[in-house]
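Novice: Here is what each chain is made of, one letter per residue.
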Amino acid sequence: MAKTPDDHRLELLQGTLDMLILRTLQWGPQHGHGIGQAIRSQSDDLLKVETGSLYPALHRLVKRGWLNWEWDLSEANQRAKYYQLTAAGKAQLLREQDRWSQLVHAIGRIMNPASANEE
Amino acid sequence: MRPHQDDLDAEIRGHLAISIKERIERGEDPASARLAALKEFGNVTLTRDSMRSVWRHRWFEAADALVRDIRFALRALTRAKGLAATVIVTLALGIGANAAIFSVVRGVLLRPLVNRDEDRLIYIRQGDQGVVDATNMTFSVPEVNDLKSRVTTVSAFGDFSTVDFAMIGLGGEPRMVKAGVVGGSFFEVMGLRPVLGRLLNAQDDGPNAPGAAVLTYRFWTTSLNSDPTVIGKTIRLGPRTATVVGVLEPSVPYPADTEIMANVVTSPHHLGATMVANRTHRMTELFGRLAPGASLETARAELTAVHAAIVREHPEAYSAKANVQLKVARLRDQIAAPARTILLVLLAAAAVVFVIACSNVANLILARSVRREGELAVRAALGAGSGALRRTLLAESLVLCGGGAALGLVLARPLVAIVSRYAARFSVRALEVTIDSSVLWVGAGLAMAAAVLLAYVPRLPSPHAPAGLGLATGGVRITPGTNRRLRIFATTQIAFSFVLLAGAGMLLATLVVLQTANTGYNMRQVLAFDIPTSATGAGLGEAKLLNFYQEATRRLGQLPGVEGVAIASNVPWRDAGIFGPGIHFSVDGYKPADGEENPRARFRTAGPRFFAVVGVPLLAGRDFTDEDRAGSERVAIVSQSVAQRLFPNGEAVNRHMWWIDPYFGKPAPRRIVGVVADVDDESIVRGPAMTIYQPVGQIGMGGRLFVRTSADPYALVPAVTRVVREISADQPVERAATLEDVRAEVVSPERLNAFVFSGFAGIALLIAVVGVAGVLAFSVSARTREFGIRLAVGSAPRHLLVRVLSEGVVIAAIGIAAGAAGGYALARVAARFFATVQMPGAVTVIGAAAVLIGAAIAASLMPAARASRVDVLQALRSE
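Residue numbers (our numbering), protein chains in the order written: chain X, 1 to 119; chain B, 1 to 879.
So here's chain X without its partners, still in its complex pose (with noise of 0.2 Å):
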């Protein structure tokens, strides 16, 4: 396959497309297009979610509890499924957010020990 200017973007992290979903349903309701646009929007390009990977991780986060689903019209007037937070999917979310901080805050003590030190 040729090389796409897309090549700049990051992989995503193991375990982290979760928390992303998550987060962005935090604004409302969206569906699975409209997700994965959100997070490319918000990541400043740099994160591309694939659909492979994305409606297989929606499903899970709905059997798990965390996420609902309601059919609805978009704005381009097409039937599409919303996903939103449900309440156990909130709390999930704050647990990730703080587990995230804390890998970003170890990790970056190691990385840089420097700034680290100065606090």
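Bear in mind the hints are in silico, worked out from the structure with no lab data behind them. Since we're looking at a predicted model, the values are computed, not measured. Do not take every clue at face value.
[What the hints assert, rightly or not] No farther apart than 16 Å at their CA atoms in a straight line, the calculated lysine to aspartate or glutamate pairs in the EDC-like style are these:
#1 K148(B) x E302(B)
#2 K327(B) x E22(B)
#3 K39(B) x E22(B)
#4 K327(B) x E302(B)
#5 K21(B) x E75(X)
#6 K48(X) x E40(B)
#7 K39(B) x E28(B)
#8 K39(B) x E50(X)
#9 K178(B) x E188(B)
Take the given structure of chain X and dock chain B to it, following the hints.
Specialist: Same frame as chain X, now just chain B:
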């Protein structure tokens, strides 16, 4: 929340539509927007599948794969029908036999009784375990009363004694019924309910209660067609009457399979002083219900202690030599006990058959997998993991074993019928055994076990080893390892078959000895009848009874075809043990040496001409006559062994003997008037039985009628019955059988033993023959090239034939040696647990070995013939 298939599609369509619309709005033309959206989306089918699989269980995936493998296996097996059929039939035999035996074992040994709280129900007996005839002495009423008043761990006792009544009523002819005479607490203790009417209770106890009887369920359904109007009917039981008050629910009849159970008042004997007060008059069976909080162990400890105290207080009631002890068992275990050994032996035999079947199937599968090595190697080379390959093999063996199990369950049904009829000889519970779902589970379990085992038999091709040669030629290459495994399996089959064959041979040899033994009786021409006399109301010894006997003998003697008629007390074998073990006696001039017991002899009565009628020769002196009656000189006839032991000089006639048992009161000498040949009317294996006969006319006890005829004996039965009824209308005339048939009936457990075991051995032999033939056929077909070369360089076909045959014989010989060694060791181990383990005789062992060698030769013949007919050119070109 689980999405539907269409739901997933709609979601994907929606995604694409939105994506296309956005692109068009950005200015792309519709066609390229659509293409770009699809390209961006990627593989639609894959995404949909992975969405769906989110909702599936992990097991579902595995099962899905297995279903695919099973479909594949079915297709593969239709190309190997012969193999599939052999495997399925072999497994069916193994699984069917095991399922059948197991359902009988479960029904007899494991299933709870219907009685309420049956695990608190106990059976109590006393006996001397060291004495053959005294292991279960039962109890006397004073003993029962002592136990009742002293024991606290048993909340209630139920008593039961077996009595034969001549019953009139409930339609049909007067006949003898086996009845239980029970106390009022019996049914409450046993925890049984009526299906109709009521059972007996405390109000039915005592001498003043009206006679009442309960019918057993089996009697009510089989003899009375479940007639509900039977309640309230009156029946005559001997001299008394009783009203039918109820029908008992279906339950295990124990200790005796009776037709009715009646209260104490119906049996005059039970109200008499002997029964009530005599401490040694033992005929009561005792049941108990554990008191709340008491365990079997505490009850056993207390009962044993109380019993020991009773024995100490009444030393006169127990034989000084006997070591009488109390035994307490759960009723369920007590009922199952006699069948336990035989059923466990059968279970072992069935397990052996299963092992043989499995090793045979393993053989076939191994041979098949060698042929498939090429295919497996290709799959391994294409990246199939060893898990996937095992799953393929597992699927195939699941199909085979499932087929085997299905067929086995079909076979199990008739097998259960045979085995339960057989086991009914040892435990009444076997009668209720039916094939149930447990068989299904056992069958399925065995099949699964076999399937998993078989899947691991073949070696997998290693993905690392170069399999190029096998791949390229597609020919069968037999490695030394495979060959050794095949032979080990075949040898195993022979070894196990040998053990079964030797066992079956032993039983058959015993049976042949039993059936062909000379009994000393005229077996075919003599008809024996029971003519129990309590129905006529005549007590023992009354003139009326003796007149009846004389008249019956005289009139029956006039019937055409009758050669002789006589009365006696015992039908050989059938009446074994009715007078208990031998009774002590003494004779003129005999003094036992110090510490020696007085001799014992069997007590019998015989009427005139009895010995002539049954064909026992009179060796000295005279027979009894009609003149030997009450009031005339007391006389006796002794058997040869009595004469030889006590009168070694041969002068037995005209000497005197007398019984020295308290039962006979003051010793009354009898003059010995004759000596007859020894016969053994108790044991099937004839031994020298010391027997002393008294005239029926002097003892006043007979009850058995013997008629000798020159014609067909059974054709005479109606005439005999008619003549007897002419004399005494209410007289039962029962159980007509020739002595030959009486003996056959007694021998039948042995016959069934031999039959069932021979069945197992036959199945084993069949499977072993298939196994040996299969191994050799495979080995021959894999060595076509070798045989071709041998023929090409000048071997005679005859040599190849002998070579293959001898391979079969070697397998058989090694198997027999292993089987003999293993069987010997097994018998040694078994002897530690079972008292009656016998070693088969040399003839049997050699016979079994010869059968197996013969079978091995027969099995090798076809492959051997094929080897000797190998086409040289074809063989050399084949690789």
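Novice: Indicate, hint by hint, whether the structure satisfies it.
Specialist: To see whether the hints hold, each was checked on the structure:
{"no.": "1", "hint": "K148(B) x E302(B)", "result": "holds, 12 Å"}
{"no.": "2", "hint": "K327(B) x E22(B)", "result": "violated, 94 Å"}
{"no.": "3", "hint": "K39(B) x E22(B)", "result": "holds, 15 Å"}
{"no.": "4", "hint": "K327(B) x E302(B)", "result": "holds, 12 Å"}
{"no.": "5", "hint": "K21(B) x E75(X)", "result": "holds, 11 Å"}
{"no.": "6", "hint": "K48(X) x E40(B)", "result": "holds, 11 Å"}
{"no.": "7", "hint": "K39(B) x E28(B)", "result": "holds, 15 Å"}
{"no.": "8", "hint": "K39(B) x E50(X)", "result": "holds, 11 Å"}
{"no.": "9", "hint": "K178(B) x E188(B)", "result": "violated, 22 Å"}
The structure does not agree with the numbered hints 2 and 9 stated previously, though it agrees with the rest.
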